[in-house]
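**Q** Each chain, letter by letter, is given below.
2 protein chains.
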Amino acid sequence: MDIARYMKEKKVLIDSFMEGYFSRTIIPEALYKSITYSLSAGGKRIRPILCLASYEACGGKADDAAPYASAFELIHTYSLIHDDLPAMDDDDLRRGKPTNHKVFGEGMAILAGDALLTEAFYLFSDERHAVASIPHSALIRAINEIAGGSGMYGMVGGQAQDLLSENEEPDPETLFFIHKCKTAALITAAVKTGGILACCGEERLAGLASYGQNAGLAFQVIDDILDVEGETEVLGKTAGSDEKKKKMTFPKLYGIEESRRKAKGLIEDAVASLTAFDEKAGPLRAIAQCLLERKS
Amino acid sequence: MDIARYMKEKKVLIDSFMEGYFSRTIIPEALYKSITYSLSAGGKRIRPILCLASYEACGGKADDAAPYASAFELIHTYSLIHDDLPAMDDDDLRRGKPTNHKVFGEGMAILAGDALLTEAFYLFSDERHAVASIPHSALIRAINEIAGGSGMYGMVGGQAQDLLSENEEPDPETLFFIHKCKTAALITAAVKTGGILACCGEERLAGLASYGQNAGLAFQVIDDILDVEGETEVLGKTAGSDEKKKKMTFPKLYGIEESRRKAKGLIEDAVASLTAFDEKAGPLRAIAQCLLERKS
Chain A
1 MDIARYMKEK KVLIDSFMEG YFSRTIIPEA LYKSITYSLS AGGKRIRPIL CLASYEACGG
61 KADDAAPYAS AFELIHTYSL IHDDLPAMDD DDLRRGKPTN HKVFGEGMAI LAGDALLTEA
121 FYLFSDERHA VASIPHSALI RAINEIAGGS GMYGMVGGQA QDLLSENEEP DPETLFFIHK
181 CKTAALITAA VKTGGILACC GEERLAGLAS YGQNAGLAFQ VIDDILDVEG ETEVLGKTAG
241 SDEKKKKMTF PKLYGIEESR RKAKGLIEDA VASLTAFDEK AGPLRAIAQC LLERKS
Chain B
297 MDIARYMKEK KVLIDSFMEG YFSRTIIPEA LYKSITYSLS AGGKRIRPIL CLASYEACGG
357 KADDAAPYAS AFELIHTYSL IHDDLPAMDD DDLRRGKPTN HKVFGEGMAI LAGDALLTEA
417 FYLFSDERHA VASIPHSALI RAINEIAGGS GMYGMVGGQA QDLLSENEEP DPETLFFIHK
477 CKTAALITAA VKTGGILACC GEERLAGLAS YGQNAGLAFQ VIDDILDVEG ETEVLGKTAG
537 SDEKKKKMTF PKLYGIEESR RKAKGLIEDA VASLTAFDEK AGPLRAIAQC LLERKS
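Here the protein sequences line up with chains A and B, keeping their order. Heads up: the first sequence is residues 1 to 296, going by our numbering. Heads up: the second sequence is residues 297 to 592, going by our numbering.
Check the hints yourself; a few may be wrong.
When the alpha-carbon atoms are kept at most 30 Å apart in a straight line, the in silico DSS-like pairs for lysine-lysine are as follows [claimed, not checked]:
id, chain 1, residue 1, chain 2, residue 2
1, A, K180, B, K329
2, B, K542, A, K102
3, A, K180, A, K295
4, A, K245, B, K398
5, B, K540, B, K393
Derived coverage of chain A by chain B (criterion: at least 3 residues anywhere in the stretch with Cβ under 8 Å from a Cβ of chain B; other residues may be distant) [what the hints assert, rightly or not]:
id, segment
6, 23–34
7, 120–129
8, 158–167
If you are wondering where the hints come from, they were derived from the structure by calculation, not from laboratory data. For clarity, every value in this text was computed on a predicted model and none was experimentally measured. For each residue, glycine too, the CB sits at the ideal point set by N, CA and C.
Given the sequences, and given the hints that come with them, work out the whole structure.
**A** Here it is as structure tokens:
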């Protein structure tokens with residue numbers, strides 16, 4: 001299968017949904033501009049694509065789940081805007097452009113993040129996007145997944161520990177905690193949500209959860225490696241910033257080679273989690289490989 | 297009826313639910329402390345109480361709706377934490393205590409706010425709190441109300457306009473926009489949610505919406521008046537701060553007496569919206585009067 005084409009098609013689906021959704025200028029306009037600036041800054045849409053691939057692996061039709069898959073990009077984008085703030089990671093560059101607060105000021109950046117997080121839940125509960133094949137019970141369960149993956153036991157908890165662990169000597173337990181919560185939790189929620197919306201059953205849902213946890217953790221390990229080895233122009237964010245901020249990373253604890261080996265093992269585990277799935281999970285399997293080989 | 301006693305009983309119900317909910321220390325502990333610091337800082341729980349009063353007005357039993365009503369306090373608390381940040385209103389004092397970022401730092405305060413907002417949706421979708429009388433369809437609709445009232449068309453939009461309007465000459469259109477969005481939208485969502493969870497029907501829901509909009513707007517007008525006339529010790533926040541920050545307020549545009557007259561008219565309109573309700577809406581009617589007469 002041509003996975004690059006698959007991912008491009010799904011990215012177009014997501015981008016086109018989000019463009020339509022945010023086509024009406026909200027008031028105040030500065031908030032609208034701040035929100036759409038970051039949403040249209042050229043993200044790869046990995047989380048929505050994973051959600052759609054998982055939905056299709058369970059027999060769903062991607063178009064039906066596009067609004068829900070897009071919600072994960074809203075949450076991811078909010079997290080980047082808040083993480084880049086001076087009080088957090090203090091980054092000036094994101095996806096090759098000045099960070100949100102550099103353009104719109106810190107107050108508006110905080111509010112744009114707040115709005116994006118809230119809008120994700122608006123999307124999930126908006127009857128206008130309802131389709132008969134997705135029952136209310138599945139939506140409720142998906143909302144619970146997304147909130148769990150993003151909240152104090154997930155992404156926010158991980159980011160808090162990440163902040164607290166700057167300048168600390170890395171230890172495996174803390175490092176795994178940060179990466180699992182900060183990155184893998186939302187990716188896992190996106191993958192599981194695809195299954196939940198397709199009413200996939202508990203056995204396959206457990207497989208998707210394991211896929212998401214392993215692939216999500218690998219994703220962050222690769223991120224750590226790229227921060228060491230990548231170039232600012234290709235990454236679209238400042239290379240070497242983890243070292244500068246004394247972040248707790250896989251390369252710092254294990255070195256580059258061992259980190260790469262661990263990422264490879266995690267991707268193998270992710271793919272091995274999909275034994276209960278047929279060829280419709282081909283894209284999920286191939287995306288895992290892409291995550292390992294990505295350069296940005 | 298003894299409305300002070302009613303409100304106290306409902307506050308105890310909410311406080312006790314939230315205490316139980318946050319009794320398990322989450323990791324990292326600094327995030328947990330930041331969250332619980334602001335939640336337990338002595339809020340009056342007006343929004344959850346209104347939600348419960350509305351639920352009871354439609355025949356519901358308050359205990360069943362306590363988790364959902366509490367979600368409004370999580371959202372209100374998040375909004376206070378973020379609004380108090382230096383990049384926003386830059387306040388040092390809230391409910392008589394140092395503001396969250398003064399104690400835990402700006403980064404942790406931003407994350408505590410993010411976590412509280414997210415947790416509100418976790419609560420609404422958590423099957424552990426499910427009761428047979430509240431169908432999934434009602435929960436989905438309530439989630440949409442809460443997200444709509446809190447997001448870019450509601451509270452966040454209002455706070456953004458509030459920020460942008462500092463130092464501007466007040467005009468009625470902008471002033472009403474700010475107050476409706478910043479304050480009345482979430483209060484309206486809380487009141488409507490009580491009706492939605494009780495499956496109250498469209499006619500009564502429209503009455504609750506009108507009650508919420510009018511009472512919510514009056515609430516903010518009174519807030520503006522208290523900022524001029526109140527004392528820091530009674531308010532628990534710095535009196536006179538609107539004037540200092542050149543905020544757009546009702547007293548600034550209309551003067552104190554006319555503002556008070558407007559608040560009184562709004563409360564009368566709120567109560568008049570409840571014609572489709574019987575004596576079970578007594579607390580809603582009495583609370584409206586309390587909002588008008590409050591001193592803090």
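**Q** Next step is simple, just say for each hint if it's right about the structure.
**A** Checked hints:
Using a Cα cut-off of 30 Å, the hinted pair A:K180 and B:K329 holds, with the two alpha carbons roughly 22 Å apart. Restraint check for B:K542 and A:K102: the C-alpha separation of about 24 Å stays at or below 30 Å, so the hint holds. Taking the CA atoms of A:K180 and A:K295, the gap is near 21 Å; set against the 30 Å cutoff, the hint holds. A hinted pair counts as satisfied when its Cα atoms are at most 30 Å apart, and A:K245 with B:K398 qualifies at roughly 23 Å.
Our distance criterion of 30 Å between C-alpha atoms is met by B:K540 and B:K393, whose separation comes to about 20 Å. Under the rule that three or more residues need a Cβ within less than 8 Å of chain B, the assignment of the segment 23–34 of chain A holds, with 6 such residues. Interface restraint, the segment 120–129 of chain A with chain B: holds (6 residues with C-beta to C-beta distance below 8 Å; minimum three). With 5 residues bearing a CB less than 8 Å from a CB of chain B, the segment 158–167 of chain A meets the requirement of three and the coverage assertion stands.
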